[in-house]
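In case you want the letters, here they are:
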Amino acid sequence: MRNWRRILTPYLFISPFFLGYAIFFLYPMLSALYLSFFKQVGIGTAPRFVGIDNYANMLSDQLFQRSLVNTTYYAAGSIFIIVPAALILALVLTRRNLFFREGFRVLYFSPNITAGIVVAIIFGLVFDEKYGLLNNYILAPLNIPPIRWLNEPNWIMPAIIILGLWRYVGINALYFMTGLQNIPDEIKEAARIDGANSWQLFRFVLVPLLRPILIFVLTFAIIGSYNLFTEPTILVGVDGGVRNAGLFMTMYLYLTGFRFLDFGYAAAIGWAMAIIILALTTLQLLAMRVFQED
Amino acid sequence: MTTREFAYSRRRSPWTRWLRSGFVYTFLLIVALLVGIPFIYMVTGSFKLNAEIYRYPVTILPQAPTLENYARLLSGKEIPYLRQFGNSLFVATTQTLLTLSVSALVGWGFAKYEFRGKRILFFFVLLTLMLPFQMTLIPLFLMMVRIGWLDNYLAILLPGAISAFGVFFMRQSMLAIPNELIDAARIDGANDFRIFWQIGLPLVRGALAVLAVLVYLGAWNDYLWPVIVLRTPTQFTYPIGLATLVGLYKVEYGMILAGAFIATLPILIIFIAGRNLLLNNLTIGAIKG
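If you read the sequences in order, they're chains P and Y.
Take the first sequence: its letter number 243 is residue 227 in this note's numbering, and every next letter is one higher.
Take the second sequence: its letter number 101 is residue 200 in this note's numbering, and every next letter is one higher.
Same shape as in the complex, but just chain P:
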């Protein structure tokens, strides 16, 4: 009797998660896989087996491809603009004897905890063609003619990346700061004494030691791109605005499922997204390993 109790106790502790996990995650996940091989439009209609048609459909579906390209565009923006900007900010913020370090850190982090809907509402005014802050306060003094940020297909993605930069640079800088602060001063000093200049110190000492943080930040930058929904939806509409130039994958999934009520296809898109995310994060981990060995 006592023995049984001892064996069962840990399972009792973890059971709430796995009970919920089975009902609200595992079952829907498998159910989505099943549904993705059927055509079901609307609630209460009979699903019809269509094999891999839903997946094959993606290859010729212009809107799906648009959303894939846009999401990748934003992910590239995250990796090549937002993450490096955050690293630079973190390097500056971890300088010795910096005044107001806490103040800057708190301020830079604040956009991250602001609701997506609020951020989108604010940026509706930032990007306004005639009365927006960006055109009037930054571009006009530089003598750059106003840009039609949200009405010109080629400018919608850069606009959303600017919004992402504003929103996410602070939290990524915070991650890098923690990483930088964990590097012992002795290591940096040893490199200095060996004659390393600032760039060499950065490239050959700091970057390799920041690798775990870099992996974490890049992984979440990629996942975050695929999760982006609220901001572009409010800024340009759930269809992505002019010529769907701001359509992200989650928005397309929403459109397919809840506007077109094409549940089978929407479920297939969800699975496609999961596969893409897993593939990208694995690739990214492999790439980081390769760089480590150079």
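For the record, the hints were derived by calculation from the structure and aren't laboratory data.
Hints are supplied without guarantee of correctness; some may be wrong.
Now the in silico label distances, taken between C-beta atoms and shown as ranges [said to hold, decoys possible]: (1) Y:ALA308 with P:LEU245: 42 to 50 Å; (2) P:ILE72 with Y:PHE214: 42 to 50 Å; (3) Y:PRO301 with P:TRP(-12): 28 to 36 Å.
Glycine included, each C-beta is placed from N, C-alpha and C at the ideal position.
We have chain P; now place chain Y onto it with these hints.
Below, chain Y alone, put in the same frame as chain P:
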């Protein structure tokens, strides 16, 4: 200032050092302005009449401050905003309690017990961190339709209680609790739940507080799933309410900004109160993970 530090700085002339720190502070201030001005513009804009927001030259401060946006928004003529704000408070608070309970219990199970299948089960938790919620969106919606939970907050709260991140976060913090403490309590005759409740939980208060802030913020700001399962305006959480305002009254931007500002106040209070706790502990997952 240590002697070593002095040794490096000696290499540079005072002029270069002065120039460098001037450059650093200019850079930080410019970034601060770029981050801060959109917030300020939201607040000041909420006190402007619409005609003033859409007028040249664009100014940050209101020329003729007015409370009309707030009066109109809170009168409830356009949307039941106060009600929606209250709904959000309820959902976020309940969600925090629920998610914290589940995460703490399960985190304790993984941190302090050895059992068959532990590794594979924990692997499932980690895998969930990687998989997008979108994958489950359609079947989860169909499930809520079938059991009649549209417009019911349980449809948000129960799936939301299953947080792989929460479990992972609590486990990481609980690993540090010395096993000797637990063994001593067991010898004294305490049962497993009491050990968790009276010894485990008090020792991870900090981590619980951080998780509470994170869950609260997440629930407060959530939009995608609530907009799918909530159908009547009186049941909406505030982000859906604001989104309907943007859709219907795009020209009434002052009123929309007023709503956005009110919705940001609770976050501001939580953030100001818990900023050090949050900023210093947020990276636990990143470091140990």
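Each hint, compared with the structure:
no.: 1; hint: Y:ALA308 with P:LEU245: 42 to 50 Å; verdict: 43 Å, holds
no.: 2; hint: P:ILE72 with Y:PHE214: 42 to 50 Å; verdict: 46 Å, holds
no.: 3; hint: Y:PRO301 with P:TRP(-12): 28 to 36 Å; verdict: 29 Å, holds
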